[in-house]
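J.: Protein sequence lines, in the order shown, are assigned to chains R and X.
Those letters in the first sequence? Residues 1 to 460, per this note's numbering, in order.
Those letters in the second sequence? Residues 1 to 459, per this note's numbering, in order.
Please note that the accuracy of each hint is not assured.
[To be verified] No farther apart than 20 Å at their CA atoms in a straight line, the calculated lysine to any residue pairs in the SDA-like style are these:
id: 1; chain 1: R; residue 1: 342; chain 2: R; residue 2: 300
id: 2; chain 1: X; residue 1: 237; chain 2: R; residue 2: 307
id: 3; chain 1: X; residue 1: 408; chain 2: R; residue 2: 159
id: 4; chain 1: X; residue 1: 408; chain 2: R; residue 2: 85
id: 5; chain 1: X; residue 1: 60; chain 2: X; residue 2: 120
id: 6; chain 1: R; residue 1: 373; chain 2: R; residue 2: 106
id: 7; chain 1: R; residue 1: 196; chain 2: X; residue 2: 241
id: 8; chain 1: R; residue 1: 192; chain 2: X; residue 2: 151
id: 9; chain 1: X; residue 1: 421; chain 2: X; residue 2: 7
id: 10; chain 1: X; residue 1: 237; chain 2: R; residue 2: 197
id: 11; chain 1: R; residue 1: 118; chain 2: R; residue 2: 265
id: 12; chain 1: X; residue 1: 237; chain 2: X; residue 2: 157
id: 13; chain 1: X; residue 1: 120; chain 2: X; residue 2: 214
id: 14; chain 1: X; residue 1: 237; chain 2: R; residue 2: 301
id: 15; chain 1: X; residue 1: 407; chain 2: R; residue 2: 118
Simulated from the structure, these hints should not be mistaken for lab results.
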Amino acid sequence: MLSQKEDLMLYEFDGSVEKARPEVVVFPLSTKHVSGIVKLAAKYQTPVVGRGAGTGLSGGALARGGGVMIVFARMNRILEMDLENRRAVVQPGVVNLDLTRAAEKAGLYFAPDPSSQKSCTIGGNVAENSGGPHTLAYGLTVNHVAALELVLPDGEIVRVGSRHGDSPGYDLCGLFVGSEGTLALVTEITVKLSRKAEAVKTLLAIFDAVGDASRTVVEMTASGITPAACEMLDGWTLRAVEDYIHAGFPRDSAAVLLIEVEGLREAVESQAAAIGEICKANHARDVRTARDNSERDLLWKGRRNAFGALGRLAPSNYVLDGVIPRSKLPEALEQIHAIGKKHGFQIGNIFHAGDGNLHPIVLYDPRDTEQFKRAIAAAEEIIRMCVALGGALTGEHGVGMEKNELMPLLFSDADFDLMRRIHDAFNPDSSLNPGKIFPLSKGCGEIRVRKSGQATGARP
Amino acid sequence: MSSIANLSGQLEKLVGSDRVHTSEAVRKGFAIAGRAPMAVLKPRAVEEVGEIVSFAAAEKLAVVACGSRSKLELGPPQRYDLALDMTGLCQIAHYDPGDLTVGVDAGLPLKELSMALAEKNQFLPLAVPCSSTSTVGGAIASGIDSTLRQQYGTSRDFLIGAEFVDGTGKQCKSGGRVVKNVTGYDLHKLLIGSLGTLGVITRLNFRTFPHPESRGAYIATFPEMEAALNFHDSLLKSGLPFSNLELFDPQFSALLAGYSNQAGGGNLGSPGKNAWHVFASFEGIAGVMERIQRELQERCDRAQAAHNETLDARNSQQWSDALRESFDWLRSAAVNVALLRIVLPQWAPGDVAELHQALKQSPLRSAFALRACNVAYLAFRSEGEDAQTNGAMGRCVSDVRARVEAKKGNATLLHSPAWLKDRINVWGTKRADFPLMQRVKQAFDPHNIFAPGRFVGGI
Chain R
1 MLSQKEDLML
11 YEFDGSVEKA
21 RPEVVVFPLS
31 TKHVSGIVKL
41 AAKYQTPVVG
51 RGAGTGLSGG
61 ALARGGGVMI
71 VFARMNRILE
81 MDLENRRAVV
91 QPGVVNLDLT
101 RAAEKAGLYF
111 APDPSSQKSC
121 TIGGNVAENS
131 GGPHTLAYGL
141 TVNHVAALEL
151 VLPDGEIVRV
161 GSRHGDSPGY
171 DLCGLFVGSE
181 GTLALVTEIT
191 VKLSRKAEAV
201 KTLLAIFDAV
211 GDASRTVVEM
221 TASGITPAAC
231 EMLDGWTLRA
241 VEDYIHAGFP
251 RDSAAVLLIE
261 VEGLREAVES
271 QAAAIGEICK
281 ANHARDVRTA
291 RDNSERDLLW
301 KGRRNAFGAL
311 GRLAPSNYVL
321 DGVIPRSKLP
331 EALEQIHAIG
341 KKHGFQIGNI
351 FHAGDGNLHP
361 IVLYDPRDTE
371 QFKRAIAAAE
381 EIIRMCVALG
391 GALTGEHGVG
401 MEKNELMPLL
411 FSDADFDLMR
421 RIHDAFNPDS
431 SLNPGKIFPL
441 SKGCGEIRVR
451 KSGQATGARP
Chain X
1 MSSIANLSGQ
11 LEKLVGSDRV
21 HTSEAVRKGF
31 AIAGRAPMAV
41 LKPRAVEEVG
51 EIVSFAAAEK
61 LAVVACGSRS
71 KLELGPPQRY
81 DLALDMTGLC
91 QIAHYDPGDL
101 TVGVDAGLPL
111 KELSMALAEK
121 NQFLPLAVPC
131 SSTSTVGGAI
141 ASGIDSTLRQ
151 QYGTSRDFLI
161 GAEFVDGTGK
171 QCKSGGRVVK
181 NVTGYDLHKL
191 LIGSLGTLGV
201 ITRLNFRTFP
211 HPESRGAYIA
221 TFPEMEAALN
231 FHDSLLKSGL
241 PFSNLELFDP
251 QFSALLAGYS
261 NQAGGGNLGS
271 PGKNAWHVFA
281 SFEGIAGVME
291 RIQRELQERC
301 DRAQAAHNET
311 LDARNSQQWS
321 DALRESFDWL
331 RSAAVNVALL
341 RIVLPQWAPG
351 DVAELHQALK
361 QSPLRSAFAL
371 RACNVAYLAF
381 RSEGEDAQTN
391 GAMGRCVSDV
401 RARVEAKKGN
411 ATLLHSPAWL
421 KDRINVWGTK
431 RADFPLMQRV
441 KQAFDPHNIF
451 APGRFVGGI
């Protein structure tokens, strides 16, 4: 347990641009501990927020209402591996990649692969319904969870779902996964493991114009080719990455597509050939194929460490997360460019092109208050554009306290009423992760952020 | 004035007299387990659905939303005042073939959606029974099995958003139109298989899929169960990407062949009606098809099947169609049928053998199929309706359920004579998370007007 100011300060940030300090940080070792802590907090009417590794990008794991932060770092055991049935039972603090490593020998892996997979926890993945590059083919975290053990805000321990993932009744797992810690705390997860594909091919398509790269994605989607992953890096971003990682992205190109196809050998060969043709038809300068695992790993290293690379260019960066219909990709990228220009930023794009999940990046200096305000304004304009194009506020980072005020762009009062009733059915006093998902302005007195809580708000 | 006449007068004010039906003939057509509603309403617009539900909430009238009514029997409601005939809402609202997404009204026939998607060489992997009449809304609300589940997953995996009227009469939505989205609670997932107990579904958004270059199937027959089980198990472990993989007993095979002949599907050409069958279907480019066929053949040679063959395109389609309709023909395979859907954490060969051993002792005829994804269908059949036969049917179902629940599985009574559904809990023993389901129900439907008693635990 931590309660000294200097210790607590370590927990007032996550991967987002927000900030909020808990009053106490605890590290439970068991479900019983969690239940006990929650009961105690309820007794003292103190808010509780769960936290994995704190890599989230929407402020989901910040103590917006102050109170108790439950950090699951020490509940990090893999409790059971049922390789024959491709199931694993894990505690929430297990690091995403550690589970894949444990399953690898049997030719299995855990499919959700956020960029932060080396440090992010499965509990966090469940809370946020995290995605990753391979979501394109294999879905979000919710598609890989069969059952959960939960602690409700009154301390009750319950199990939902079942090992086979097919019990009659409402899909409670589907509700709790992605509820951003606002309904319950997850203390144990039964995940589905996936079989590694027998063949994989990783292509790097190089373009002299961003429009050509985005049109390639549109055409690929429309022609019914679904690769396992299809990532885009624009020229500005890939140069930053190249300077840092030396992944082999040509510095003089305007955009690259990192495309991966998986499956039976025969299918992979043919898909790769078809993709190559579409790239060429859209004026790709070159389409390279990773010759071996080390070349493949290097390309992915470039993609996964891109945000780190960009961190070298400015004191801080703001990674956005929005979704658009894939047919609108070229238009969306043009608009992002225009919005950046308007607000005085060069906005980089490194994102999951195949499923229309944009990640524009705004570099800013948090010490420059005026610049920070402009960054927030540009971000909001980009998210509004996504909605205007028929898209959504977030594809994988969650709403958290980053976009709760933007929720009315998509949802009506009736929608909020129902979501509120669902929220209150499990978390009636908003003691669990207050101030998230729902706009504070949206009536119902819903988010009773405690007055005694620490000052909250965006950095700086 | 009678209460029905009084009610119909008020309903006519809501939706117009041509949309309210109170004649016995019409009402009977919407009956569930012998219980007919007081009135049938056919709304033309979502706003009308909202008004009807608001009215029902105020008057505490129980509402059941209906599509083509092919699977209404799944859960009999305890109260049933109004039937909502949703087939008047039947448009394709938006279709973006380039994004592979489509949004449709709940009352749209699945068949019409398939035709529209086929024009762009796409499809929705909802291969569900009663496909010639089923509406999209009914296919989702019933949660009935799709025979493409092995490859494409359940609708949970491709339903990306929904609009519905909640129990207060308000139009709500969740999800959206894009393929990747974590904005807000995923309420649409709760609607899947909820039998209309949470809301009246009005709109469903899906991701669509490109038609594969070709589809094929393979059938192998075995005189002995053990050899069939081993072959089936070897295919499960092969990692080959099958669209569907099923194993069925001789009784199931005979019924299947009979159905196909009758339905004009033609002779399935299966040589051994009295054999155990393993059926595998698959799809893809020519190279993939050849590879899978080759590996099937190799494994089959080792398994020493009595007969095996790669089916041609037409025959593959016939088999797939007939298996897709299993629920429908199994339930009409005898005067009385009790059809169980059984899920186990794992169906090892030993589990099938054990069940089969028990079935041998049963006084009733049965039919068994182990379908993809650890789901099995088991039908008990009887031609008599005397107390003794009925008693035997009840005992058979209870006995199987006890065995299944002991193995941490569940057995749902998909179909049975109405008296049996009255006597035996359709959904099996209540699970530990039932109180949480009640909370969800209460949030969606605070006045408890949506199909009360129809679902798990009497929700």
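J.: If you draw a straight line from the CA of residue 120 of chain X to the CA of residue 214 of chain X, is it 20 Å or shorter?
T.: The given pair, whose Cα atoms are some 16 Å apart, holds under the 20 Å limit.
J.: Compare the distance between the alpha carbons of residue 237 of chain X and residue 307 of chain R with 20 Å, and conclude whether the hinted pair is satisfied.
T.: Not OK: residue 237 of chain X and residue 307 of chain R at ~40 Å, beyond 20 Å, violated.
J.: Need the status of pair residue 237 of chain X, residue 157 of chain X: alpha-carbon distance at most 20 Å?
T.: Roughly 23 Å separates the two Cα atoms, so the pair is violated.
J.: With the threshold set at 20 Å, check whether the alpha-carbon distance from residue 237 of chain X to residue 301 of chain R stays at or below it.
T.: The given pair, whose Cα atoms are some 32 Å apart, is violated under the 20 Å limit.
J.: Taking only the CA atoms, is the gap from residue 192 of chain R to residue 151 of chain X under or equal to 20 Å?
T.: Satisfied, since the Cα-Cα distance of roughly 15 Å is no more than 20 Å.
J.: Hinted pair, alpha-carbon criterion (20 Å max): residue 237 of chain X, residue 197 of chain R. Please report holds or violated.
T.: holds, 14 Å
J.: For the pair supplied as a hint, residue 408 of chain X and residue 85 of chain R, confirm whether the alpha-carbon distance does not exceed 20 Å.
T.: Between residue 408 of chain X and residue 85 of chain R the Cα gap is close to 14 Å, so the pair holds against 20 Å.
J.: Could you grab the alpha-carbon distance between residue 196 of chain R and residue 241 of chain X and see if it respects the 20 Å cut-off?
T.: Holds, at roughly 12 Å.
J.: Take a quick look at whether residue 421 of chain X and residue 7 of chain X sit within 20 Å of each other, Cα to Cα.
T.: Violated, because 30 Å separates the two Cα atoms, which is more than 20 Å.
J.: Does the structure keep residue 60 of chain X and residue 120 of chain X at a Cα separation of 20 Å or less?
T.: violated, 46 Å
J.: For the pair supplied as a hint, residue 342 of chain R and residue 300 of chain R, confirm whether the alpha-carbon distance does not exceed 20 Å.
T.: violated, 32 Å
J.: For the pair we were handed, residue 373 of chain R and residue 106 of chain R, check the Cα-Cα distance against 20 Å.
T.: Measuring from Cα to Cα gives roughly 50 Å; hence the hint is violated.
Hint check: violations occur at hints 1, 2, 5, 6, 9, 11, 12, 14 and 15; the rest are consistent with the structure.
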